[in-house]
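Enquirer: So the sequence lines, in the order shown, correspond to chains A and B. Position one of the first sequence corresponds to residue 8 (the working numbering), numbered consecutively onward. Position one of the second sequence corresponds to residue 8 (the working numbering), numbered consecutively onward.
The set of hints was computed from the structure by calculation and includes no laboratory data. Hints should not be assumed to be uniformly reliable.
As the list claims (entries may be wrong) - One-sided excerpt, in silico: chain B residues whose CB lies under 7 Å from chain A:
| no. | residue |
| --- | --- |
| 1 | A104 |
| 2 | M111 |
| 3 | G126 |
| 4 | W182 |
Since we're looking at a predicted model, the values are computed, not measured. C-beta atoms are modelled at their ideal positions from N, C-alpha and C, and glycine is treated no differently.
2 protein chains.
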Amino acid sequence: MTLRLHNFFRSSTSTRLRAALNLKGLAYDYVPYALRKGETRTPEFLRRNPQGLVPVLELEDGQHLTQSLAIIEWLDETHPQPALLPRDPGARARVRALSYMIAMEIHPLNNLRVLMRVGEQFGADENAQKAWFTHWVNLGFDALEAELSQNPETGRFCCGDEPGMADICLYAQVWNNRRFDIPLDAWPTIARIYAACDALPAFSDAAPSRQPDAQ
Amino acid sequence: MTLRLHNFFRSSTSTRLRAALNLKGLAYDYVPYALRKGETRTPEFLRRNPQGLVPVLELEDGQHLTQSLAIIEWLDETHPQPALLPRDPGARARVRALSYMIAMEIHPLNNLRVLMRVGEQFGADENAQKAWFTHWVNLGFDALEAELSQNPETGRFCCGDEPGMADICLYAQVWNNRRFDIPLDAWPTIARIYAACDALPAFSDAAPSRQPDAQ
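All chains should be modelled from the sequences, with the hints used to inform the complete structure.
Expert: This is how it looks when you write it as structure tokens:
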């Protein structure tokens with residue numbers, strides 16, 4: 008038995024994990040769940056993850072790991088090469104901070120369940136949901152662009168010339184932005200790093216459009 | 008010169024970092040910023056952190072670290088004792104996942120700038136803001152309670168009998184919930200772990216009410 012990835016093609020956190028597994032060269036079985044059909048709210052899925060969220064990585068011993076960045080850190084600790092985090096503590100802190108600028112400041116406000124909630128609670132239609140989504144992307148990407156463009160540690164990728172955890176988060180968020188056709192013109196460094204990622208099969212093979220459940 | 012913590016008494020992410028510094032036994036200078044007065048949007052502060060967010064930890068060499076969990080991981084790597092994460096990769100993944108169940112699934116939806124935004128964009132008054140806040144706490148704490156109560160690795164604290172990163176996130180979120188008087192009755196394991204934390208001066212000294220800028 009190999010690793011099993013319980014995920015959804017369009018989920019940004021699933022895209023992160025697919026890219027991380029590809030960068031590590033780890034094969035996995037792809038198990039899709041249709042979020043809008045409630046397939047992550049079934050008793051069977053909730054036994055895998057009481058949070059009712061994808062992705063979940065099922066290990067060969069039956070253990071289930073949850074939360075994409077916790078799984079990426081686990082992958083880096085158990086399969087060190089190629090590294091997704093640098094070795095120096097200061098550089099690690101920067102890569103984690105860049106990752107969290109997306110994973111804590113943008114993505115949690117913009118995923119499907121939040122868009123559904125602003126619809127339910129505030130009656131937000133598609134246009135209002137787009138305004139909400141765009142607001143958080145603009146705030147977050149403006150700050151990310153400032154950091155990346157000013158910091159000498161930025162190279163071809165977020166930290167030097169090898170891809171890592173922050174690039175994974177950046178790549179998945181740019182894909183997520185396509186839900187509302189947000190152009191990258193205002194953020195040239197982000198656009199450049201996205202293109203550098205997309206040129207690598209580990210990333211492009213992880214893209215939502217390439218997955219078996221893509222619609 | 009010692010460490011300088013740029014922070015705000017009520018900020019949940021600031022509470023996390025104060026508790027982590029206290030657990031590590033590290034002294035720091037407390038530099039307060041009034042968020043509602045825009046004191047983290049000044050050019051001087053934006054040079055410290057282009058994100059305009061607290062907390063920021065200023066190191067003795069002038070370097071500025073941002074994002075509370077990135078700083079906590081850095082503290083654990085540079086000052087290993089007492090450990091805030093366990094040694095085993097599987098246990099580390101669980102502690103990170105528990106931390107992110109709060110830091111990525113609850114807190115990003117409920118901090119001050121988001122409450123202000125639902126007011127601005129959707130006209131949400133105090134009651135509607137409370138409903139929004141409570142919705143995300145209920146979803147997140149229900150899942151957290153299920154995990155903590157069912158997992159044999161849970162002890163006096165989230166992972167065994169010593170406090171760590173997940174307890175720090177839990178403690179700060181319970182304090183954050185007080186903004187809207189959310190009782191803990193539905194989550195007995197969370198309530199028990201909160202009380203275990205609050206019995207330790209490292210946590211209780213980090214509480215919002217104990218800070219010099221508390222109002």
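Enquirer: It remains to establish, for every hint, whether it holds in the given structure.
Expert: Hint check results:
1. A104: Result: holds, 4 Å to nearest chain A Cβ.
2. M111: 5 Å, holds
3. G126: 11 Å, violated
4. W182: 18 Å, violated
Consistency note: the structure conflicts with the earlier hints numbered 3 and 4.
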